[in-house]
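Asker: Just need the whole structure built from these sequences, with the hints factored in.
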Amino acid sequence: MEKTKDLTSSSEAGSIKKRSQVKEVWRRFCRNKQAMVGMCMLLLLIFAAIFADIIAPYDPVEQDIINRLKPPSSAHWFGTDELGRDIFSRILYGSRISLTVGLIAVGLSSIVGCALGAIAGYYGGVLDNIIMRCTDVLMAIPSILLNISIVAALGTGLQNVMIAIGISSVPAYCRIMRASLLSLKEQEFVDASRAAGASDVHIIIHHILPNSLAPLIVQATLKIGGAILSCASMSFIGLGIVPPTPEWGAMLSTGRDFLRDAPHLTAFPGMAIMFAVFAMNLMGDGLRDALDPKLKN
Amino acid sequence: MLKYIGRRLLMMIPVMLGVILIVFTLMYITPGDPVDTLLGDDATPEMAEQLREELGLNGTYIERLGKYLVNLAHGDLGICYSTKQPVMDRIIQTFPNSLKLAGCSVLLSVAIGLTLGIVSAVKQYSLFDNIAMTLAMIGNAMPNFWQGLLLMLLFALHWKILPASGFDGWTYMILPAITIGTSSAAAVARMTRSSMLEVIRQDYITTAEAKGQTELKIIIFHALKNALIPVITTIGIQFGHLLGGAVLTESIFAVPGVGKMMVDAIKARNYPVVQGGVLMVALTFSLVNLAVDILYAFVDPRIRSQYK
Numbered sequence: 001m002e003k004t005k006d007l008t009s010s011s012e013a014g015s016i017k018k019r020s021q022v023k024e025v026w027r028r029f030c031r032n033k034q035a036m037v038g039m040c041m042l043l044l045l046i047f048a049a050i051f052a053d054i055i056a057p058y059d060p061v062e063q064d065i066i067n068r069l070k071p072p073s074s075a076h077w078f079g080t081d082e083l084g085r086d087i088f089s090r091i092l093y094g095s096r097i098s099l100t101v102g103l104i105a106v107g108l109s110s111i112v113g114c115a116l117g118a119i120a121g122y123y124g125g126v127l128d129n130i131i132m133r134c135t136d137v138l139m140a141i142p143s144i145l146l147n148i149s150i151v152a153a154l155g156t157g158l159q160n161v162m163i164a165i166g167i168s169s170v171p172a173y174c175r176i177m178r179a180s181l182l183s184l185k186e187q188e189f190v191d192a193s194r195a196a197g198a199s200d201v202h203i204i205i206h207h208i209l210p211n212s213l214a215p216l217i218v219q220a221t222l223k224i225g226g227a228i229l230s231c232a233s234m235s236f237i238g239l240g241i242v243p244p245t246p247e248w249g250a251m252l253s254t255g256r257d258f259l260r261d262a263p264h265l266t267a268f269p270g271m272a273i274m275f276a277v278f279a280m281n282l283m284g285d286g287l288r289d290a291l292d293p294k295l296k297n
Numbered sequence: 001m002l003k004y005i006g007r008r009l010l011m012m013i014p015v016m017l018g019v020i021l022i023v024f025t026l027m028y029i030t031p032g033d034p035v036d037t038l039l040g041d042d043a044t045p046e047m048a049e050q051l052r053e054e055l056g057l058n059g060t061y062i063e064r065l066g067k068y069l070v071n072l073a074h075g076d077l078g079i080c081y082s083t084k085q086p087v088m089d090r091i092i093q094t095f096p097n098s099l100k101l102a103g104c105s106v107l108l109s110v111a112i113g114l115t116l117g118i119v120s121a122v123k124q125y126s127l128f129d130n131i132a133m134t135l136a137m138i139g140n141a142m143p144n145f146w147q148g149l150l151l152m153l154l155f156a157l158h159w160k161i162l163p164a165s166g167f168d169g170w171t172y173m174i175l176p177a178i179t180i181g182t183s184s185a186a187a188v189a190r191m192t193r194s195s196m197l198e199v200i201r202q203d204y205i206t207t208a209e210a211k212g213q214t215e216l217k218i219i220i221f222h223a224l225k226n227a228l229i230p231v232i233t234t235i236g237i238q239f240g241h242l243l244g245g246a247v248l249t250e251s252i253f254a255v256p257g258v259g260k261m262m263v264d265a266i267k268a269r270n271y272p273v274v275q276g277g278v279l280m281v282a283l284t285f286s287l288v289n290l291a292v293d294i295l296y297a298f299v300d301p302r303i304r305s306q307y308k
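First to last, the protein sequences are chains A and B.
The UniProt record's numbering numbers the first residue of the first sequence as 1 and each following residue consecutively.
The UniProt record's numbering numbers the first residue of the second sequence as 1 and each following residue consecutively.
None of these hints come from the bench; they were simulated from the model.
For every residue, glycine included, the Cβ atom is placed at its ideal position computed from N, Cα and C.
Hints may contain errors.
What the hints assert, rightly or not - Computed cross-link-like contacts, BS3-like style, restricted to lysine-lysine with a CA-CA straight-line distance of at most 27 Å:
| # | chain 1 | residue 1 | chain 2 | residue 2 |
| --- | --- | --- | --- | --- |
| 1 | A | K33 | B | K123 |
| 2 | B | K123 | B | K217 |
| 3 | B | K267 | B | K67 |
| 4 | B | K100 | B | K267 |
| 5 | A | K70 | B | K160 |
| 6 | B | K225 | B | K211 |
Said to hold, decoys possible - Derived DEER-like restraints, expressed as beta-carbon distance ranges:
| # | chain 1 | residue 1 | chain 2 | residue 2 | range |
| --- | --- | --- | --- | --- | --- |
| 7 | A | L43 | B | A254 | 34 to 44 Å |
| 8 | B | I294 | A | D200 | 37 to 47 Å |
| 9 | B | N130 | A | L43 | 17 to 27 Å |
| 10 | A | T156 | B | L17 | 28 to 38 Å |
Answerer: Have a look at this one:
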């Protein structure tokens with residue numbers, strides 16, 4: 001009975017400590033003005049993506065040839081494109097695609113990368129060598145070329161773009177996770193857990209992963225911006241998401257042909273990409289500063 | 001040092017084999033037949049079959065991979081489907097253009113990035129620091145291809161002072177080099193600032209100040225030299241990527257470089273060019289990484305002693 005009481009109080013203490021740690025990180029994050037600006041920009045983007053149906057004044061794919069290439073006006077805030085579609089509405093809907101690509105591609109690569117990195121770091125030996133050489137191979141190919149080759153093989157479209165970006169980002173997570181694991185697996189709390197009979201999977205998920213989350217979260221936040229840029233880049237050269245889907249890179253690509261007469265076709269999608277990437281980078285930097293133990297005091 | 005270089009070069013062999021395997025497999029599973037693209041709609045099945053045989057497109061995956069590796073061992077990267085030239089010749093034609101563009105861009109990024117980074121670190125939290133770092137963050141977030149289009153709109157279409165596309169002389173290099181160079185400069189500036197900030201708090205900087213050294217001398221000979229390692233890594237990675245990865249900028253400004261060649265080849269299902277191109281880009285990238293590691297030894301005597 002006494003033992004159960006002790007365990008309960010120790011777990012309470014643990015949860016209090018965990019809560020206070022999260023609170024401390026949040027407090028440091030809130031004190032960072034740039035990070036707060038980034039968060040507000042991201043919230044605005046999420047709001048636009050969720051409520052695009054309500055906010056958008058026009059259907060993003062509805063053509064209106066009579067009103068094609070119209071400059072910004074009160075009727076069309078960002079003007080219209082070569083088929084008379086409202087650019088503001090297309091940008092609002094485009095935020096859904098960009099955020100989806102960013103989140104899913106980063107989610108996919110972080111899960112696969114962390115799993116591989118954990119296996120490589122925890123078991124070492126031949127398995128470590130094989131996994132790390134595979135990451136070397138992936139890192140030797142410029143990511144844009146790898147992405148394009150994968151999309152060429154799988155076909156264009158949202159799903160394949162996310163897979164391509166996900167695959168090319170795996171090595172970064174794999175390396176971070178492996179590096180964390182190599183230093184953490186020698187720690188006493190891991191030995192204690194092993195001595196208590198915990199399985200390898202339990203140790204990795206419950207003890208090592210929570211302790212290596214900080215660099216992974218920072219990497220993931222920064223990579224979302226990178227994924228949005230990669231998606232736009234692929235669509236720009238016609239090997240990503242293809243029209244009429246309102247994707248920012250594809251919109252920029254079609255705007256190229258009207259650069260001289262209707263520069264608004266390229267200006268607004270470009271600004272939208274920059275806005276999204278800028279928001280994610282500000283957030284990523286803010287999180288890095290908040291999670292960096294060196295800056296605690 | 002030579003032993004280290006030799007070991008690194010040997011380690012590149014399995015990496016390059018892995019690159020070949022990945023690119024070959026991706027091209028193998030890519031849907032569509034290059035023969036259809038080359039012959040058009042008027043081709044008879046016999047003509048298609050004959051061309052397929054000539055191009056070595058018949059056979060199983062293992063047979064084709066084996067044949068490719070044997071040819072590669074003899075220095076043969078295959079024949080370009082569209083120009084009928086050896087792939088190596090096409091790479092030799094395009095690589096110098098990418099090299100020139102990458103060189104100019106990196107020079108520009110180092111000139112801007114190092115200056116901004118150093119001044120920002122020395123004048124931390126000043127107005128200059130805030131403006132420079134905000135500009136660097138904007139530069140990091142700005143898509144290269146958008147920046148390229150804006151520059152083209154202003155300098156080539158509006159003011160008509162620079163050519164919009166092509167590669168007939170040094171003036172043609174200005175806009176693509178600014179496009180790549182300024183966004184790379186953003187990364188170099190941020191890395192230089194953070195690296196310099198770590199160094200200028202060290203005791204040896206205080207000692208140098210106490211000895212009465214001038215600020216410029218302290219920055220250049222004491223701080224910058226010790227802050228250079230991460231900056232060299234950033235510059236090296238960017239240079240390596242630019243030698244084959246400046247795909248978008250090369251496409252926008254019609255620079256006949258390796259990146260543009262490969263995108264065109266991927267779209268046309270010109271498999272030998274894609275395979276050969278990616279292999280050469282990966283090899284160059286690995287060699288640049290090796291050169292960066294060797295450069296560390298010249299900057300840091302502690303690393304030099306490890307190589308011995």
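Asker: Run every hint past the structure and note whether it holds.
Answerer: Structure-based check of all given hints:
1. A/K33 with B/K123: holds, 19 Å
2. B/K123 with B/K217: holds, 16 Å
3. B/K267 with B/K67: holds, 24 Å
4. B/K100 with B/K267: Distance ~25 Å between B/K100 and B/K267 Cα, so the pair holds.
5. A/K70 with B/K160: holds, 25 Å
6. B/K225 with B/K211: holds, 19 Å
7. A/L43 with B/A254: 34 to 44 Å: At 41 Å between Cβs, range holds.
8. B/I294 with A/D200: 37 to 47 Å: holds, 39 Å
9. B/N130 with A/L43: 17 to 27 Å: Distance hint for B/N130, A/L43 holds at roughly 24 Å.
10. A/T156 with B/L17: 28 to 38 Å: holds, 29 Å
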